[in-house]
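Enquirer: Here are the chains, one letter per residue:
2 protein chains.
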Amino acid sequence: MGENVNRKILLASRPVGMPTESNFKMIEEKVPEIKEGEVLIRTLFLSVDPYMRGRMSAAKSYAKPYEVGEPFLGGMVGKIVETRNSRFQVGQFVEGRLEWAEYNVSDGSTIRKINPELAPVSTALHVLGMPGLTAYMGLTYIGEPKEGETVVVSGASGAVGMIVGQIAKLKGCRVVGIAGQDEKCTYLTEELGFDAAINYKTAENLRKAIKEVCPDGIDVYFDNVGGAVSDAVMTLINFQSRTIICGQISQYNLEMPEMGPRVAGQLLTTRSLMKGFIVSDYAQHNKEAFTQLSQWVKEGKIQSRENIVFGFENTVEAFLGLFRGDNIGKQLVKIAEE
Amino acid sequence: MGENVNRKILLASRPVGMPTESNFKMIEEKVPEIKEGEVLIRTLFLSVDPYMRGRMSAAKSYAKPYEVGEPFLGGMVGKIVETRNSRFQVGQFVEGRLEWAEYNVSDGSTIRKINPELAPVSTALHVLGMPGLTAYMGLTYIGEPKEGETVVVSGASGAVGMIVGQIAKLKGCRVVGIAGQDEKCTYLTEELGFDAAINYKTAENLRKAIKEVCPDGIDVYFDNVGGAVSDAVMTLINFQSRTIICGQISQYNLEMPEMGPRVAGQLLTTRSLMKGFIVSDYAQHNKEAFTQLSQWVKEGKIQSRENIVFGFENTVEAFLGLFRGDNIGKQLVKIAEE
Chain A
56 MGENVNRKIL
66 LASRPVGMPT
76 ESNFKMIEEK
86 VPEIKEGEVL
96 IRTLFLSVDP
106 YMRGRMSAAK
116 SYAKPYEVGE
126 PFLGGMVGKI
136 VETRNSRFQV
146 GQFVEGRLEW
156 AEYNVSDGST
166 IRKINPELAP
176 VSTALHVLGM
186 PGLTAYMGLT
196 YIGEPKEGET
206 VVVSGASGAV
216 GMIVGQIAKL
226 KGCRVVGIAG
236 QDEKCTYLTE
246 ELGFDAAINY
256 KTAENLRKAI
266 KEVCPDGIDV
276 YFDNVGGAVS
286 DAVMTLINFQ
296 SRTIICGQIS
306 QYNLEMPEMG
316 PRVAGQLLTT
326 RSLMKGFIVS
336 DYAQHNKEAF
346 TQLSQWVKEG
356 KIQSRENIVF
366 GFENTVEAFL
376 GLFRGDNIGK
386 QLVKIAEE
Chain B
56 MGENVNRKIL
66 LASRPVGMPT
76 ESNFKMIEEK
86 VPEIKEGEVL
96 IRTLFLSVDP
106 YMRGRMSAAK
116 SYAKPYEVGE
126 PFLGGMVGKI
136 VETRNSRFQV
146 GQFVEGRLEW
156 AEYNVSDGST
166 IRKINPELAP
176 VSTALHVLGM
186 PGLTAYMGLT
196 YIGEPKEGET
206 VVVSGASGAV
216 GMIVGQIAKL
226 KGCRVVGIAG
236 QDEKCTYLTE
246 ELGFDAAINY
256 KTAENLRKAI
266 KEVCPDGIDV
276 YFDNVGGAVS
286 DAVMTLINFQ
296 SRTIICGQIS
306 QYNLEMPEMG
316 PRVAGQLLTT
326 RSLMKGFIVS
336 DYAQHNKEAF
346 TQLSQWVKEG
356 KIQSRENIVF
366 GFENTVEAFL
376 GLFRGDNIGK
386 QLVKIAEE
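Protein sequences, first through last, are from chains A and B. The numbering used here puts the first residue of the first sequence at 56, with every later residue one more than the last. The numbering used here puts the first residue of the second sequence at 56, with every later residue one more than the last.
If you are wondering where the hints come from, they were derived from the structure by calculation, not from laboratory data. Values in this document were obtained by computation on a predicted structure and should not be read as measured data. It cannot be assumed that every hint is accurate.
Copies of the same chain look alike in the list, so a pair counts if it works inside one copy or between any two.
To be verified - Result set (DSSO-like, lysine-lysine): computed pairs, CA atoms no more than 30 angstroms apart in a straight line:
#  : residue 1 : residue 2
1  : 63        : 134
2  : 356       : 63
3  : 353       : 115
4  : 80        : 353
5  : 356       : 90
6  : 115       : 266
7  : 389       : 201
8  : 356       : 80
9  : 201       : 342
10 : 389       : 266
All chains should be built: construct the whole structure from the sequences, respecting the hints.
Expert: This is the structure we're talking about:
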C-alpha cells in the first residue's frame, strides 16, 4: 500500500437480516489534500458499535441511515498529520465521528482534542467517550439508582454495560450482569466487582437464575440486548422500577419482527417506567458526566477493557463480530501506531 | 326487602378468564349498628371500574387482591343516615372506597365530604373523583402535552378517556380517540370536541385509519386498552413521545398472556417513554388537580357522561358490562335516590 493511498469502507448494499461482507465495499482513493481551515487526520483506532447496524437500514430511527455507495461513519481516534487550522497542531490526538477510512479531513467542527495524559487515547472511544457517556446518562437520568437497589445490566461486558455496572456499584447498588460467555461473567464478577453474573446462553431457566441473584427483585434494568433476556428480566421488576432501553442487539438482525410477551401490563401493575434514549438527549449534562467519569478513571474506580482487532482490512469482520458476541469490553480496530 | 336489611356482594371465587356471575355472591345482613366515632352511610351510587378485575386475581399488582369470601371494595357515593362522629351530620354526602353494600360504616377516615352545590354528587365518582384525577395526573405528569402536539386516547369514551381528551384539547393539542362503537365515536367528536375518533372494531386497517387522522404522528398516547389497538398506535409514535399506561382492559380477562410485537425497539429508535402509574403516585398534586378540574367543570369546559344501571342487584351485571364495552361514559349503579 503506497503512502498516499487512503482506504475507505462504503455501504455496498442494505442487509436483510444479518449483515455479511458483501454489504460492504473497500475502495482506495488518494489521500485528500486539505484546504485552508482544514486538518488531515491519520486514523489510529476505529470504533465499531452495534447502533451502526440500524444505520445500514433505511428505516426511520434516531440515527440517519447511511446511503448506499457512501462511506460508513463512526467513532474514531486519530492524530493530526497536516494542519491548515490554527486550533490544531500536527501530532495532536483527536476524536470524532468520521468516515471508516485511514485518513479523514475535518474543518475542526467534527472533532474534539483529547488529552493523552488523562488516559490512553483509545479510551475516548469507550469509557471517556460515547459509550461511557451513554452509560452515565442512561443510568443517572433514567435509572436514577438509589443505594441498596438492585440494578440488572444486559450486554454487561460490552462497552456500555461494563461502565453501567461499575457506576451502579459506586452508587451502592447490588449489580447483576447478564452476558453470553462464562469468560465474560468471570470478568464481571472477578475484575469489575459485579455482585453476580449470569450466562444467558447456558442458564437452564433464565428467569430462575436471575431471581436467585436478585432476591429483592429488580429496581433498575439497563437493557442493551432485548428479546428473551428482557422477557425474563421484566417478570421480576419491582414497583416503580425503571428500565433503560439503550440497545436491542438481539433484534437488529431479525428479518421479521419478533413477537414477545407484552410489557405494558407489567409496567402498569408495577407502576414502572421504560424509556429509550440516545446519549445526545442528555447533552446538557456532558460536562458533568465527562468530569465525573475522568475522575473515576483517574482514581482507578472504573476500569475498562478493550478487544482489539488489528488492521483496517479487518474492520468489517470486527463489526460483524459484535453480533456474534465475540468481544469482551469495547471492540476497537487498531489502524496505526500512535 | 326490609328496612333493616343490608345487601352485600362478596368475591365467591377467583375467575379464570372472563368473570361470570358465579364468581360473585350476594348476601343479606342486618344493617350494622354504629359505635362512638362512626357514621352509617346509605349508598347512593356504586362505581364499577376495570381495575377491579385485577383485584379479583391473586397476582401481585398495585392493588391488593380481594379475598375470597370477603366483600368487594370500590368507589361509592352515599349519604350519612346516622352519625356518632361530630365531623359528619345526617344528610351530608360523602365519597369513599367502601364495600359493595347498601350500607357502610366508617370512622370517617375512609370517606371525604362532597359538595352537592359544585356539581351532581355522582361526579365524585368520575370527573371530580378518581377517574378525573387519573386522567389529569397521567396526562399532565407523564404525557406532558405541548400545544400543537397530537394526543391519542384509547378507551376514549370511558370514565378516564373522555376526560383525558378534553384536557388535551384545553392544552391546545390535536386529539384522536379510539373506541369500540360508532355511537361512542360520534359522542367524542360531536359532544366532546375530539378532532377525530376511530372505531377499532370496524376499521379495516387500524394503523392506516389512525395514520390518516394523525398526519404529524403521535406525541402522546394515553392507553386504557392495550393489545392490538396499542400495537397499531405504537408504530406511529414520534421521536420523544410519551405513552401513559393507565389500563389494559383488553388483556385483563385473557387466560394466557398474549404475545405481541415487542415495543422496546420502537421506544429505542424513537427515544420514547412508556410509563405505568396509578393515581396515588401523584397524590402530592391532588389539590391542584381537583381545583383545576372543578373549575373546568364549573366553566363548562369539561363535560362528562354517565351510564347508569339501576338497582343494587344489577351491580355485577354492570361490572361485567365494562368488559363488553357496554358503557359510554362512566359506568355507575344507582342504589338509592338522593
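Enquirer: So which of those numbered hints doesn't the model satisfy?
Expert: Hint check: 2, 3, 4, 5, 7, 8, 10 fail, others pass.
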